[in-house]
Structures are given as structure tokens and as C-alpha cells.
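Below, each chain spelled out in residue letters.
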Amino acid sequence: MLSNIVGKEKFQLDFEGTNVQALLDKLVYTYGTEARKILYDSKGAFNANIQILVNQKEWVPPYTYKETFLREGDTLSLVILLPGG
Amino acid sequence: MAKGFMEKILWVNLSESRIREEKPDEKLYHDFLGGYGLGTRILFTHQRSGVDPLGPENILGFLTGPVTGTRVPFSGRYTVVAKSPLTLTWGDANSGGDFGPYLKFSGFDAVFFRDVADKPVYLFINEGRAELRDAHHLWGKDAHETQDILKDELGKDVRVACIGCAGEKISLISAVITNKGRAAARSGLGAVMGSKKLKAIVVRGNQKVPVAFEEKLGEARKKYVDGMKGNPWYPFFHDIGTDAMIPDSVAIGRTPVKNWSGSILDMPDVEAIGGENLVKLQERRYGCWGCPMTCGGHMKGGQGEYKYDAGVHKPEYESVGALGTMCLNSNLESIIMANDICNRYGLDTISAGGTIAFAIECYENGLISKRDTDGIELTWGNHHAIVTMCEKIGKREGFGEVLADGVKMAAERIGKGAEKFAVHIHGQEPPMHDPRSLIRLGLGATYKAAPTPARHTRGSGEGEFRHPDLGPPSYDLNSFENRGRDHNLITRLLNAVSSAGLCQFGQITMGLNATHEFLSYVTGWNFNFADILTIGERIANIQQAFNIREGLNPIQFKVHDRIYKTPPPEKGPIAGRHCDVDLLVKDWYTELDWDIHTGKPSRRKLEELELEDVAASLYSDPKDILSMT
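Residue numbers (my numbering), protein chains in the order written: chain A, 1 to 85; chain B, 1001 to 1629.
Hint data in this document are derived by calculation from the structure and do not stem from the laboratory.
Among these hints, one or two may not hold up.
Said to hold, decoys possible - With a straight-line cut-off of 30 angstroms between C-alpha atoms, the simulated DSSO-like cross-links for lysine-lysine are:
no., chain 1, residue 1, chain 2, residue 2
1, A, 66, B, 1119
2, B, 1229, B, 1258
3, B, 1008, B, 1208
4, B, 1229, A, 43
5, B, 1119, A, 10
6, A, 37, B, 1280
7, B, 1208, A, 26
8, B, 1229, A, 10
9, A, 8, B, 1280
10, B, 1605, A, 57
11, B, 1156, A, 43
What you are looking at is a predicted structure, and each value in this text was computed from that prediction instead of being measured.
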């Protein structure tokens, strides 16, 4: 899990950029290959099982990461959704 | 003969109190495995079309799979089958607990019931010997009491599958209950059991399930259980349960809110019913037989205004959704209470919650009033009302009589246009997964056009079961084309998983190769992935044929607009989103080689799957033969 690589479940990240994709790129840059393996599959597609929420309420559809802009202080949650039962 | 099977099924004629054993042909086991696969084959053969699902001719079956009761992880499942009185389609309901393994330990792979008893009875299978016994003293008892009485009478080592009052009173949303809280709930099969005056099945046994390659099975078990712990889902299932992340699920629009009309905007306090809060009220974890993940739980006794007993089962995701988000209910203890009431009376929590949410919306819109609802104010979030109504539904008491058969019938009884609030697909209330939310697009087709309508456990075609050969899924949520191939793969796989006796959560956490590998080690048959997909495809086809033979056309099943959002919602996480379910079904049926207008499997496909008798049954009309030449 990403939290195992980062070492904690919640953390602050400074990055240059304005959108969700830039933040994901920063995660991979900072935490390397292991983070890439979790976030992306071998063909470079984002992991379909990970959902991204901004400020716990706004869901970011996967193909809109470049168009979803973030503001200072925003919280981004990367969650794996269980299939329920 | 292959291993994994007890090589015996039991036939019980309830009107004549006649019991006989049958040894199925090995090919039957090979081609259909067990569970609803074997169940469909047997019912298609032994039952004519057009039977009254609550009448004597509807066969009721309880089946295990070849891995049930072995050292295969997640191998505790069993399935109940019959023609559904709720949807009039093929009906099945899958459940965990430990009844399935003990049915096999008692000597049988399955037991089938015909006809109707003159008076309430239960079946007792004791180390291979079966007898019908008087259940007069059990009739009227809830499922918990029934289990307790039978264990006192027969011994603590017996296992019990029973109905509560809801099944006795032929509620079309009633369930079969084991372990005081594992429910075979969908399709209304508790009502079939009640219609036969069959209160319970009790089993005792110590027979060992034969396994072909014990050592390889042990090695595979270690490999998969160790490997599973690295799966990202494992800690959530293990530490919290299926209710983990319900707030996030609501946030992305997967979990329906407010009778499928709302969103997270209507339930800003949804965190209150999240899994992390639920697990704080848990006394200890619970796992079904053979489960290394133990996603279930037993709760501490209720200390607040809801005084449920210590040890009641933790509500699952579906129950928290149905009794929580669907009703805008953020009182967690009321959900635990309502869930236990449903377990006691033997009710499908998805249907119960969905029906109560429907009733709340009717009340809000003035279609019913306190005069109709026994003085109860059925308002959003009124948890007292929700708990009370669960009990009334279970007893068919007062306004509960109106609601006891699900939303479709409740709407017919209320009239005044109530059907616009009755969210169902051909009578079945849908589970807590919105087909328009992310990675669930195939679910729309499954809900409408799988042999059991409104069933999420038949697969969504996306996400968690990606096969590496198929490439990444399309993320474009406005694209509904070319999803049939994925969808076909996943539905075939899940048919095989369920019929094998495996838990689907086991499949998710162990990976795509687990099912065929374990099946091979247990049975001795050398299955590969393609083989189990073929079995799954065969099962899908015979189930569809069952429905076609009943005169049903799933293409014409009515689906409530809210599930596919016409018009789409204006706000919330799935604002503007719709689901072109007709295109999804067309794509999927094309992959299946089923007629896109009638839903009928092609003769070619049926014969390819060695279902010649099924083909002959469906294509016996001379016009059909002429049209094929």
C-alpha cells in the first residue's frame, strides 16, 4: 500500500503544479518505483481500483486529473474501494 | 470419480414424507460443479416451466460446491435455489457461515425438496441418515430461537438453516438464515421454504470431504493465504469489514442515497455510519468456515437506546447502505438493531431497507399518512421508524403487511402513482451499487439482463477482476461500447467461483488463478482458467434458458429510471451521468451469442456447451427450426 511506502497514512506534500496529475507525478518522483507500481499498471494506466477524492467530498474521475485544479490546503484522498457485500 | 464430492444428493418429498438418495453422474459435477450451477441443471431437468413458485411443484434446493468443507480458503459457501416468487425468474441466494461444510460432512452435496408438508416439519440429517421431524414447536419462533431450540434438543454440534416468521408468513423478501446472521437472502427463497412448511434443515456429520491432492492443496493454501495479506483489500476486509470506506463510496456516488434520489450532499454526516465507527462497537471478529480473512463480526451489546444482544452480527456493507444511506439514517446503533431484527425474522436487508426507503418517500409525498402507517412518522432519518418497520415487515403486522413483499407489490397496494418511487428491476430491489459510478458500468447490464435481475454478484465487468490479457479498462464514463467482452469474462468467472463453493471476496483477494488451481487440487481434474470460464458460460446459458422457457424476456424487464438516471442527476458526484444500459446489454449479449431482442441463447452456443437437451427445449417450435435453415 502507498501508506507503507510513505511511512504514514496522512502526510503533507509540497509540489509545483496546479492539478491532480501534477501531484501524482510528484508522488512517483518522491517515492519512486514502488509508488509507481501501486498507482499505475504495467501499461501506464492509472490503477482502476484507486479513487481520488478532493477534500473528502469531491470525486475526481480518472480521465480528468489534468483538468482538476487544486488550491493551497486542499486534501487529496487516495482510496481503494471495496466491492461491498 | 473425482474428489471434492460426497457423491450423494438427497431428494425429499414433503407431502409423502419420502426420502431417497441419488448418486449423480460424474459428468454432472464436472460440467456444473455445484452451487447454483448444479442447481440450475437439476431444476431445468426435473421441473417443468410455469410452476407456481409458492406451489408444490417448485423444487427448493440447498447445494454446496466441490471445495466446500475442504482446506481451500474461503470455502464455506452454500447456495439455495428455486424459481423465485419475487421475480418469477431463476432464483438463487448464496451465503456463508458453516452450514454448507456441515451439510457435506453429514454426507450430502445437496438436498432438494418437492411438494408441501401437511404440517410444519424440519429435516434432520444425522451422519448420513435423514428424517423429517415435527416442527410444530418451532413454528412462530424467530431464526435465533429456532437455532437455540434445535441445538438444545439435538446437540450443540448440529448446524441449522431455517426461516423466521417472515418466511413462515410467505414474505417475498424473506431469507434463509444460518448462524443467526448469515443470510441466503435474494430472490425471496425464504418464502418458498415457508410455502412448503419447511422450518429448518439440521445437519450433523463428521465425514471427511475427499481431496485428490492434499499436499498440493496445502502448499497452494499457504501460497495464497500468505500472498493475500499483501493485497490492498485485505486489511480493510480483515480489520474493518465490508462496511469499510462507506463514506468514500457515498462520496463517489457508488452507494445509493435517499432511495436512489440523493447523494452525499443529502447525507453530510455519513461518516457516522462508516466502518471505522462500526468496528468500535464490535466485540470480536467473525469468519465463515475456512475463512482466513474474517470480515464479519459480533457486536458488543447495545448500551444506548437500542438494546440489542451482545453477539449479534455486524451489519455488512449492503445492510448499512440499505438501512442507512437509503433512508438517510446516520444512527449506527439503529442499523445494528434493524439488521439483527432482519436476521431474526429472516428478511433480506437490501429489500427491507429499500422498501422502507420507498415508504418514506411515499409518506413525504403524501401518498400515505400516519393513519396508514400505524401512527409511525416515516420520515428521512427517523431511525425509530426504520427499526419499528423492520419488525412490522417481519411479522406482516399493520403497515408491515403492505411492505412485506417488496417495493413492487407495496407500490401496487398503495396505488396513487407510488410506482414512481418503487426502485426495482422486475421485482427485485437493487443492491447498494450504482451502475453509473466509477468502474461499475457493466453492472447496469448485469442488473437488467443477468438471469437473476438486480444482482451485483454477477459482475460489473470492470475493476477488480481485470484479466491481464484484456488491457486497461476504458475510463471514459460516457463510453458504453465495447465493454461486452470484459463483462462476459467476469460473469463467467463469478458463476464458476460461486458454483465451486468459494467466497467471491476470496477470489478478489487471492487473484484470478486461485479458483481453477484449487479446483484442480481438490477434484483431481486438471482445470485451467479457460476451463472454468467455459463452466461459467455453461451455467449462464442454462440459467438464461430457464428464464426463456418460463416465457420471460430480460430485454423487456422494466428498470426504474433512477437506476439509470433518466434524466441524470443535476448535482452530486454523478451529476449529468447516465448509463446506456441498452447498449451495454446489446454488447454483452452479442459476446454471449444470445439474441439481442429475445435474450435467447443461440442453438449453436447451447450445443457448443453440450446443452443439447436445453437447445431442443428452446428450439422445439417449428418456426424456430425453419428460421435457422
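The hints, checked one at a time:
1. At roughly 68 angstroms between alpha-carbon atoms, residue 66 (chain A) and residue 1119 (chain B) are farther apart than 30 angstroms, so this suggested pair is violated.
2. This hinted pair does not check out: residue 1229 (chain B) and residue 1258 (chain B) have alpha carbons roughly 36 angstroms apart, beyond 30 angstroms.
3. Using a Cα cut-off of 30 angstroms, the hinted pair residue 1008 (chain B) and residue 1208 (chain B) holds, with the two alpha carbons roughly 14 angstroms apart.
4. Annotation: proposed proximity of residue 1229 (chain B) to residue 43 (chain A) holds, straight-line Cα distance about 25 angstroms (limit 30 angstroms).
5. Distance restraint check for residue 1119 (chain B) and residue 10 (chain A): the Cα-Cα separation of roughly 62 angstroms exceeds the 30 angstroms cut-off, and the hinted pair is therefore not satisfied.
6. Between the alpha carbons of residue 37 (chain A) and residue 1280 (chain B) the distance comes to roughly 33 angstroms, so the proposed pair goes past 30 angstroms and is violated.
7. Distance restraint check for residue 1208 (chain B) and residue 26 (chain A): the Cα-Cα separation of roughly 56 angstroms exceeds the 30 angstroms cut-off, and the hinted pair is therefore not satisfied.
8. Distance check on the hinted pair: residue 1229 (chain B) and residue 10 (chain A) sit about 22 angstroms apart at the alpha-carbon level, within 30 angstroms; holds.
9. The hinted pair formed by residue 8 (chain A) and residue 1280 (chain B) meets the criterion: a straight-line CA distance of about 22 angstroms does not exceed 30 angstroms.
10. Simply put, residue 1605 (chain B) and residue 57 (chain A) have alpha-carbon atoms about 47 angstroms apart, too far for the 30 angstroms limit, and the pair is violated.
11. A C-alpha spacing of about 55 angstroms is found between residue 1156 (chain B) and residue 43 (chain A), which places the hinted pair above 30 angstroms, so the restraint is violated.
The structure is inconsistent with the numbered hints 1, 2, 5, 6, 7, 10 and 11, although it conforms to all the rest.
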